[in-house]
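Visitor: Now for the letters of each chain:
Protein chains: 2
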Amino acid sequence: MFLSTHGLTGIRYYCKNTSTKVRISEALSGASLGADVTVQGWVRSVRSQKENLFFHVNDGSSLQSLQVIASSNLNSTLPTYGSAVEVRGILKKSPHPKQPFELEAKEIEIVGECNPVEHGFVQIHTPVITSNDCEGAGELFQVESTCPQDSEDHNFFSVPAYLTVSGQLHLEVISGAFSRVYTFGPTFRAENSQSRRHLAEFYMVEAEMSFTQSVEDLTKVMEDMFRSVTELVLTQCAEDVDLFHKHVTPGHRENVEAMLKKKFTIISYSDAIDILKRSSEDFVFPTDWGCDLQTEHEKYLVKHCGNLPVFVTDYPYDLKPFYARDNQDHPQHTAAAVDLLVPGVGELCGGSLREERLDLLMARLEAAGLKDTYSWYLDLRRFGSVPHGGFGMGFERYLQCLLGIDNIKDVIPFPRFSHSCLL
Amino acid sequence: MFLSTHGLTGIRYYCKNTSTKVRISEALSGASLGADVTVQGWVRSVRSQKENLFFHVNDGSSLQSLQVIASSNLNSTLPTYGSAVEVRGILKKSPHPKQPFELEAKEIEIVGECNPVEHGFVQIHTPVITSNDCEGAGELFQVESTCPQDSEDHNFFSVPAYLTVSGQLHLEVISGAFSRVYTFGPTFRAENSQSRRHLAEFYMVEAEMSFTQSVEDLTKVMEDMFRSVTELVLTQCAEDVDLFHKHVTPGHRENVEAMLKKKFTIISYSDAIDILKRSSEDFVFPTDWGCDLQTEHEKYLVKHCGNLPVFVTDYPYDLKPFYARDNQDHPQHTAAAVDLLVPGVGELCGGSLREERLDLLMARLEAAGLKDTYSWYLDLRRFGSVPHGGFGMGFERYLQCLLGIDNIKDVIPFPRFSHSCLL
Chain F
1 MFLSTHGLTG IRYYCKNTST KVRISEALSG ASLGADVTVQ GWVRSVRSQK
51 ENLFFHVNDG SSLQSLQVIA SSNLNSTLPT YGSAVEVRGI LKKSPHPKQP
101 FELEAKEIEI VGECNPVEHG FVQIHTPVIT SNDCEGAGEL FQVESTCPQD
151 SEDHNFFSVP AYLTVSGQLH LEVISGAFSR VYTFGPTFRA ENSQSRRHLA
201 EFYMVEAEMS FTQSVEDLTK VMEDMFRSVT ELVLTQCAED VDLFHKHVTP
251 GHRENVEAML KKKFTIISYS DAIDILKRSS EDFVFPTDWG CDLQTEHEKY
301 LVKHCGNLPV FVTDYPYDLK PFYARDNQDH PQHTAAAVDL LVPGVGELCG
351 GSLREERLDL LMARLEAAGL KDTYSWYLDL RRFGSVPHGG FGMGFERYLQ
401 CLLGIDNIKD VIPFPRFSHS CLL
Chain S
424 MFLSTHGLTG IRYYCKNTST KVRISEALSG ASLGADVTVQ GWVRSVRSQK
474 ENLFFHVNDG SSLQSLQVIA SSNLNSTLPT YGSAVEVRGI LKKSPHPKQP
524 FELEAKEIEI VGECNPVEHG FVQIHTPVIT SNDCEGAGEL FQVESTCPQD
574 SEDHNFFSVP AYLTVSGQLH LEVISGAFSR VYTFGPTFRA ENSQSRRHLA
624 EFYMVEAEMS FTQSVEDLTK VMEDMFRSVT ELVLTQCAED VDLFHKHVTP
674 GHRENVEAML KKKFTIISYS DAIDILKRSS EDFVFPTDWG CDLQTEHEKY
724 LVKHCGNLPV FVTDYPYDLK PFYARDNQDH PQHTAAAVDL LVPGVGELCG
774 GSLREERLDL LMARLEAAGL KDTYSWYLDL RRFGSVPHGG FGMGFERYLQ
824 CLLGIDNIKD VIPFPRFSHS CLL
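Chain order of the listed sequences is F and S. In this text, residue positions in the first sequence follow the working numbering: the first is 1, and each later residue adds one. In this text, residue positions in the second sequence follow the working numbering: the first is 424, and each later residue adds one.
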């Protein structure tokens, strides 16, 4: 049975107990004020207070969630964060200025439980000072004591030491014990860049997962993280986000909502090259197979995919660092690596399966003259090696993407970049 | 009415509804199995699951907490973390091997609400790379790009840059907007030490509070933090802690319990010097007023105070950095600074009121030849200056203290110290 309601496009029908099933966007419109309605969705926050349990339900019809108030007298199960629920109740005006309407629950059904421990990643502090050079790039900061060292030793650490460019190799060590690990900490690049998306000191979320066999497994975790973090920030830090979306970057809220609406596109690097080659755009940098994607290419690809996030997978083997897993394909020869490109920012995340096969890894390190330096890393493949992979996300770039901030220096309190280290 | 129960020292008396009031330690002993009992205490964890809300109550009679199961059918208010509660219920055997007994709640009364937002400290990422030298010590790491710089500029940042030794000065900036702020991140000392309590890279929790007027206000927050974090870790990470307390450092659990039992002692530096002078101990370092406290002195003071944590306040003005607040006392001349010494570790925390008076701060910086370097810091006293203070706690030393681990290199996955930067 359909009910047509003035000004509402949603579909309504009667469900058990003469309660009308409505979408969250409808419930928030207030058209059903005072009615007995049923909403379905996922729990986005839970807060217990005095005699009531408060939680927010979101079903994707609106970025805003509906607050549900469940009295402790209620003869229903209590939902946990992330669980799928069906809630029947009465739509009331909210006394709180932040939300016009709220649902006073009469019945709560847990449709799908959510026990977040199952996805449990263990947080690890990876070191800032390291004797490795993970990316093999030259953009490193060296670290040395300002005090003169012993005559024999020229270095405080006896070896040259650098600021970390990534915690990945250390995470790989620890993932051999905890399976799923992550780090959230500062990383450094001595890039002589004044660009609006580079810092000399920035934060990265990096994750590493044992028993991971495909790039799709990585994209799934990356996309899940982007979605769940974004939804969490939008609900838990609504005031802070609104400050930007209302006063600094009006209109950006719609961009964020659009990003969350559809599943992210996945294209291969080879597809990306085809798209670039077929375009009428006048690129400065070459678009031949084997060339690295430049900012102008990233921008075009994001635009081509509807101004939405897009994963690019399976990059040329020669473009990726020694640890990226060889796809052993022909004739193109790619590695199982993936980048996530997002509107306004370009590359937000980069990840790969790691080469877990000792012979292939050893051959590549040997060719690069790094076999001795990374003997400890080779040992990880000698003892209990498993297929594994991981990724890193630039935290300040994520904030740019979420808030619509053009310059990365505006999303960190004390930005460090070439020729600038204020305070 | 008193009931004497074999093997129990606690006092019992009947309360409303013929429920017997028992302490948590008694409840956990199982002597009241099947009885209708009432416990009083503070909520140490809350977890909602399916049809039940689980929470742990602790009343200080035991370090272990009692698990309470509250059905969602229960006509009672739901407690939040930290609130004081009185719970009536039936003591049952627990199906879970981790706890022998649990309380099935029949009635819950919130005695004192707890809204943790009120103590809200805002987390800030203070930078790792800085052009300051906060402590004025020489034990710094300098940072420089490995790539050659422009001919004009010898430094990547145009100025010499260092790894931070403390986020304090940056926190002071931000505390001028958020009042109460903290940072948790890596800090660095180029100390040429192989000691069991020094690292070249370690983590600090640092807090800064505007509108703070006395050292006692600081000790209160420091002690509260130590207690609440310890209780949280002991309850939320019980398995991890038990691994150490059972297999690595047996007997240490009692030391931790003893630390939590009594309020921490507070003595002044001058009192500390008196205690050292009166002791029969044969100290290597001098114990004259004005001398810094050495490890041997810290050890003795902790022992003297019952092998329990002890605050030492009001250090000689000349021993403390430029930002420490002048007590303007005579004839001793002290600064409003405080250290927390703990068993086995020695100095765990250090803090001070900060000199908020422009004229005094300027005079001191001028005398040290640092007036120009810290002109931005002086500006903080020119515009909206408030009495404020803060402290830092060494995170790895805290872990040593909690777990009873002798060597600091055993509580961090990748220790960095002089002549060692493995992996």
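Worth flagging that the hints you see were computed from the coordinates, not collected in a lab. All of these numbers come straight from a predicted model, not from anything done at the bench. It is possible that part of the hints are untrue.
With a cut-off of at most 25 Å between alpha-carbon atoms, the simulated DSS-like pairs for lysine-lysine come out as follows [stated by the list, open to error]: (1) S:Lys529 to F:Lys50; (2) F:Lys93 to F:Lys21; (3) F:Lys262 to F:Lys320; (4) F:Lys50 to S:Lys669; (5) S:Lys794 to S:Lys643; (6) F:Lys277 to F:Lys220; (7) S:Lys743 to S:Lys685; (8) S:Lys669 to F:Lys106; (9) F:Lys21 to S:Lys444; (10) S:Lys669 to S:Lys685; (11) S:Lys743 to S:Lys669; (12) S:Lys685 to F:Lys50; (13) F:Lys299 to F:Lys371; (14) F:Lys261 to F:Lys246; (15) F:Lys220 to F:Lys320; (16) F:Lys106 to S:Lys685; (17) F:Lys21 to F:Lys262; (18) S:Lys685 to S:Lys643.
Not close to chain S: a few residues of chain F, all C-beta gaps over 10 Å, as computed [unchecked claim]: (19) Gly30; (20) Ser45; (21) Ser48; (22) Lys50; (23) Lys106; (24) Gln142; (25) Glu144; (26) Pro186; (27) Ala200; (28) Ala238; (29) Pro286; (30) Leu358; (31) Arg416; (32) Ser418; (33) Leu422.
For glycine and all other residues, C-beta sits at the position ideal for the given N, C-alpha and C.
Visitor: Determine which of the earlier numbered hints do not hold for this structure and return their numbers in increasing order.
Guide: 3, 4, 5, 6, 7, 8, 9, 11, 12, 13, 16, 21, 22, 24, 25, 26, 27, 31, 32 and 33
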